[in-house]
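Trainee: If you want the building blocks of each chain, they are given just below.
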Amino acid sequence: MIRVAIAEDHPEMRQVLRLLLRRFEGVELVCEASNGQEAVECVNHHQPDVLVMDISMPELDGLTAAKQIADSPADTRVILISVHEGAIVARAAAAAGAQGFITKDKLVDSLQLVIKTVYQGKQYFPELP
Amino acid sequence: MTENKMIRVLIADDFKALRDVIKLFLERPGGFEVIGEAPNLGEALERAREMQPDVILMNDYLPPNNSALASARFREQGFSGAILIISLQPEPDLIQQSFANGVNGFMDKDEIADYLADAVRRVHEGNIYLSPKAEEALNRAET
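Protein chains in written order, with this note's numbering: chain G, 66 to 194; chain X, 5 to 147.
The following block holds chain G by itself, in its conformation from the complex (with noise of 0.2 Å):
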């Protein structure tokens, strides 16, 4: 079982992400945060292998986290998530430590293949050459 989890200050796209999860087979929700500390917080107490985190969000923001996340001795492989898209949104979330990066819009169709992924150990930059 995968334990994933997700921080996401909009409560609407929190509701998708939990039910996009509801749908994965061998993945469990394990905590949810509503911005970048606690999401840091979420990380120390419950050492998720997967979060799913926004880039966008108050009082620490993904980018910020993610390099707090990186820098702790948690084993945490962490997926950027922002409805901006390009290369230097994905580079940026590649130098904060993430494994992966994917836009908001793509998330129902592609969220599985992510997670599995930066799960295996592997990296999801499709942006990135």
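Any given hint might turn out to be false.
Stated by the list, open to error - Taking lysine to any residue pairs in the SDA-like style, the calculated list, with each CA pair at most 25 Å apart, reads:
{"hint": "1", "chain 1": "X", "residue 1": "Lys20", "chain 2": "G", "residue 2": "Asp74"}
{"hint": "2", "chain 1": "G", "residue 1": "Lys132", "chain 2": "G", "residue 2": "Asp114"}
{"hint": "3", "chain 1": "G", "residue 1": "Lys171", "chain 2": "X", "residue 2": "Ala21"}
{"hint": "4", "chain 1": "G", "residue 1": "Lys169", "chain 2": "G", "residue 2": "Ala152"}
{"hint": "5", "chain 1": "X", "residue 1": "Lys27", "chain 2": "G", "residue 2": "Arg87"}
{"hint": "6", "chain 1": "G", "residue 1": "Lys171", "chain 2": "X", "residue 2": "Ala117"}
{"hint": "7", "chain 1": "G", "residue 1": "Lys169", "chain 2": "X", "residue 2": "Ala21"}
{"hint": "8", "chain 1": "X", "residue 1": "Lys20", "chain 2": "G", "residue 2": "Val148"}
{"hint": "9", "chain 1": "X", "residue 1": "Lys9", "chain 2": "X", "residue 2": "Leu49"}
{"hint": "10", "chain 1": "G", "residue 1": "Lys169", "chain 2": "X", "residue 2": "Gly40"}
{"hint": "11", "chain 1": "X", "residue 1": "Lys20", "chain 2": "G", "residue 2": "Glu90"}
{"hint": "12", "chain 1": "X", "residue 1": "Lys20", "chain 2": "G", "residue 2": "Pro123"}
{"hint": "13", "chain 1": "G", "residue 1": "Lys181", "chain 2": "X", "residue 2": "Arg32"}
{"hint": "14", "chain 1": "G", "residue 1": "Lys171", "chain 2": "G", "residue 2": "Glu97"}
{"hint": "15", "chain 1": "G", "residue 1": "Lys171", "chain 2": "X", "residue 2": "Arg32"}
{"hint": "16", "chain 1": "X", "residue 1": "Lys27", "chain 2": "G", "residue 2": "Val92"}
{"hint": "17", "chain 1": "G", "residue 1": "Lys169", "chain 2": "X", "residue 2": "Glu47"}
{"hint": "18", "chain 1": "G", "residue 1": "Lys169", "chain 2": "X", "residue 2": "Val38"}
{"hint": "19", "chain 1": "X", "residue 1": "Lys27", "chain 2": "G", "residue 2": "Arg83"}
{"hint": "20", "chain 1": "G", "residue 1": "Lys169", "chain 2": "X", "residue 2": "Ile39"}
{"hint": "21", "chain 1": "G", "residue 1": "Lys169", "chain 2": "X", "residue 2": "Pro43"}
{"hint": "22", "chain 1": "X", "residue 1": "Lys27", "chain 2": "G", "residue 2": "Glu90"}
{"hint": "23", "chain 1": "G", "residue 1": "Lys169", "chain 2": "X", "residue 2": "Asp112"}
{"hint": "24", "chain 1": "G", "residue 1": "Lys171", "chain 2": "G", "residue 2": "Val95"}
{"hint": "25", "chain 1": "X", "residue 1": "Lys27", "chain 2": "G", "residue 2": "Arg79"}
{"hint": "26", "chain 1": "X", "residue 1": "Lys137", "chain 2": "G", "residue 2": "Ser99"}
{"hint": "27", "chain 1": "X", "residue 1": "Lys20", "chain 2": "G", "residue 2": "Phe190"}
As the list claims (entries may be wrong) - If you anchor each label on the Cβ, the simulated ranges turn out as follows:
{"hint": "28", "chain 1": "G", "residue 1": "Ser137", "chain 2": "X", "residue 2": "Glu54", "range": "49 to 57 Å"}
{"hint": "29", "chain 1": "X", "residue 1": "Gly82", "chain 2": "G", "residue 2": "Asp170", "range": "33 to 41 Å"}
{"hint": "30", "chain 1": "X", "residue 1": "Glu50", "chain 2": "G", "residue 2": "Pro194", "range": "39 to 47 Å"}
{"hint": "31", "chain 1": "G", "residue 1": "Glu93", "chain 2": "X", "residue 2": "Glu129", "range": "28 to 36 Å"}
{"hint": "32", "chain 1": "X", "residue 1": "Asp97", "chain 2": "G", "residue 2": "Glu90", "range": "34 to 42 Å"}
{"hint": "33", "chain 1": "G", "residue 1": "Ala160", "chain 2": "X", "residue 2": "Lys9", "range": "52 to 60 Å"}
{"hint": "34", "chain 1": "G", "residue 1": "Ser137", "chain 2": "X", "residue 2": "Glu31", "range": "34 to 42 Å"}
No lab work stands behind these hints, which were simulated from the structure alone. It should be emphasised that the depicted structure is a prediction, and the values quoted were computed from it without experimental measurement. For glycine and all other residues, C-beta sits at the position ideal for the given N, C-alpha and C.
Here the structure of chain G is known, so what remains is to put chain X in place on it, guided by the hints.
Mentor: Structure of chain X alone, referenced to chain G:
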């Protein structure tokens, strides 16, 4: 013969990602056909008039109106199918007003994975449907 007929559903919600997820949850059990989508009340009224769905699956806020006012518009337009409301946080007043204006069912969006298919079938069969969380919200208001 009629029990094998697909239930034709129109999804009316201003959040596209949720419309996409709902389609996934209706595809898997089978027996449903999503015939259209609408992000606001104006387009939903137009699609309902054109397509005559069996069930309208609608957010409790469909810009620019809440589900009570929106449902009244569908009924004024002569829509005779079922209307099922999905809500991020069911509020007792809105549940009651929505039913008073012609809604057939009300559920929390958190319950989509467990109850959506059954709820759509039940309102399509002419039943009133109140999900466990929607019922809980009403009960809380009464105590």
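Trainee: Indicate, hint by hint, whether the structure satisfies it.
Mentor: Evaluated hints:
1. X:Lys20 / G:Asp74: Measuring from Cα to Cα gives roughly 17 Å; hence the hint holds.
2. G:Lys132 / G:Asp114: Distance of about 16 Å is within 25 Å: holds.
3. G:Lys171 / X:Ala21: holds (9 Å)
4. G:Lys169 / G:Ala152: Holds. G:Lys169 to G:Ala152 sits at ~15 Å (cutoff 25 Å).
5. X:Lys27 / G:Arg87: holds (14 Å)
6. G:Lys171 / X:Ala117: holds (20 Å)
7. G:Lys169 / X:Ala21: holds (8 Å)
8. X:Lys20 / G:Val148: holds (13 Å)
9. X:Lys9 / X:Leu49: holds (24 Å)
10. G:Lys169 / X:Gly40: The given pair, whose Cα atoms are some 22 Å apart, holds under the 25 Å limit.
11. X:Lys20 / G:Glu90: OK: X:Lys20 and G:Glu90 at ~24 Å, within 25 Å.
12. X:Lys20 / G:Pro123: Since the Cα atoms of X:Lys20 and G:Pro123 sit roughly 23 Å apart, the hinted pair holds (cutoff 25 Å).
13. G:Lys181 / X:Arg32: holds (21 Å)
14. G:Lys171 / G:Glu97: Roughly 21 Å separates the two Cα atoms, so the pair holds.
15. G:Lys171 / X:Arg32: holds (20 Å)
16. X:Lys27 / G:Val92: Holds: X:Lys27 and G:Val92 sit about 20 Å apart, inside 25 Å.
17. G:Lys169 / X:Glu47: holds (24 Å)
18. G:Lys169 / X:Val38: holds (22 Å)
19. X:Lys27 / G:Arg83: holds (15 Å)
20. G:Lys169 / X:Ile39: holds (24 Å)
21. G:Lys169 / X:Pro43: Roughly 17 Å between the alpha carbons, so the hint for G:Lys169 and X:Pro43 holds.
22. X:Lys27 / G:Glu90: holds (18 Å)
23. G:Lys169 / X:Asp112: holds (23 Å)
24. G:Lys171 / G:Val95: holds (23 Å)
25. X:Lys27 / G:Arg79: holds (17 Å)
26. X:Lys137 / G:Ser99: holds (22 Å)
27. X:Lys20 / G:Phe190: holds (24 Å)
28. G:Ser137 / X:Glu54: 49 to 57 Å: holds (55 Å)
29. X:Gly82 / G:Asp170: 33 to 41 Å: 36 Å Cβ-Cβ, so the 33 to 41 Å window holds.
30. X:Glu50 / G:Pro194: 39 to 47 Å: holds (45 Å)
31. G:Glu93 / X:Glu129: 28 to 36 Å: Roughly 34 Å apart at Cβ, these two residues keep to the hinted range, so it holds.
32. X:Asp97 / G:Glu90: 34 to 42 Å: Between X:Asp97 and G:Glu90, where Cβ atoms are some 39 Å apart, the hint holds.
33. G:Ala160 / X:Lys9: 52 to 60 Å: Once the Cβ atoms are compared, 54 Å apart, the range 52 to 60 Å for X:Lys9 and G:Ala160 holds.
34. G:Ser137 / X:Glu31: 34 to 42 Å: Holds: the Cβ-Cβ distance is about 40 Å, inside 34 to 42 Å.
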